[in-house]
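According to mature numbering (1 follows the signal peptide of the UniProt record, and there is no 0), the stretch in the sequence shown is residues -21 to -1, 1 to 297, in order.
These aren't lab readings, by the way, just hints derived from the structure by calculation. Glycine is no exception: its CB is placed at the ideal position from the N, C-alpha and C atoms. Any given hint could be a false lead.
To be verified - Here are the simulated DMTMM-like pairs of lysine to aspartate or glutamate, each with C-alpha atoms no more than 25 Å apart in a straight line:
| no. | residue 1 | residue 2 |
| --- | --- | --- |
| 1 | 129 | 219 |
| 2 | 129 | 195 |
| 3 | 46 | 60 |
Said to hold, decoys possible - Here are the in silico distance ranges between beta carbons for each label pair:
| no. | residue 1 | residue 2 | range |
| --- | --- | --- | --- |
| 4 | 33 | 193 | 32 to 38 Å |
| 5 | 133 | 239 | 39 to 45 Å |
| 6 | 283 | 53 | 18 to 24 Å |
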Amino acid sequence: MKTTLALSLIFSLSLGSGVQAQTQDIAEVVVSIPAANHGWTSGVLYHASQAKEYLARLYPRHHITIKTSANATEQIKQLQELSTAKKIAALIILPHESQPLTAPVRKIVDQGVFVTVVDRNLSDQTARNAYVGGDNVGFGRIAGQYIGAKLGTQGGNVVVLRGLKSVIDDQRNRAFQEALKQYPAVKILDDQYGNWNRPDAKRVMQSYLSRFPKIDAVWASDDDMALGVLEALRESGRRDVRVVLGGSGMKEMVKKIMDGDPLVTADVTYSPSMIADAMHLTLKSLAGEQPIPPKTLRPSVLITKENAGKYYFPQSPY
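Work the whole structure out from these sequences, hints included.
What follows is the structure, given as structure tokens:
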């Protein structure tokens, strides 16, 4: 299945020790993720559910439970309940927020549970055993290189939509700006937070359109936000924008690339299927097959019309 094929894209930064194999009893594994309240997290739930079915056949002596939560408070409550419930062998968690989840996760680690953190790291990286995530520096760098090359030596004006105030967003934005230094004729007019959602991104873009008479490119840095940008552009009737670049590989955006949309000619991967990678790597280690590295990053890839079909998953909700 496509979810597991994605594992071939993983590269490991270093090697580490694995989880002690569970051979006598059924090993309980809990996957804690945000509820599917927007595009990317709906993709996380989809890939986690697909991986659960597949891994149940591969590892029948391991039982996987997926728990979703609406916010950090609910996720913390679930972890507190786990710490007093029956013993689990491993926790795979995509935290809502780094800071408030660090202490609850550390408590579970201290109980001898192996913890794999996905995507949003904890504020203290010693409060987990392994990390699986995307290459956020590469994500920003690829975006900067693409927009710089598209505008070329003639340059142009760029507006930026950032996500939420977080380590991930900072890494992406710094790498984007660093990449654009190779293109001195390209000017960033402003960057504002669009909060990784379509309505907020639309409002930010509407503000940009009213403030700046000429915009050549938009780095939306997220596909949900890119759709908000496109909606604002469509309603405004403006024709000066030449490039809208999102990110994460939403099927709607990939389809636009495949169909030859003049504004959406590329995207940058940051697939929610990394949750499936984390689940598979953790269970392989639990089963004693292969140690899980302390840190595993999935590289970001530029999606263009030439390779878009490889990243188009029509059955996925994202």
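Hint by hint, which ones does this structure get wrong, listed from lowest number up?
-> As far as the earlier hints go, 4, 5, 6 are violated by this structure, in ascending order.
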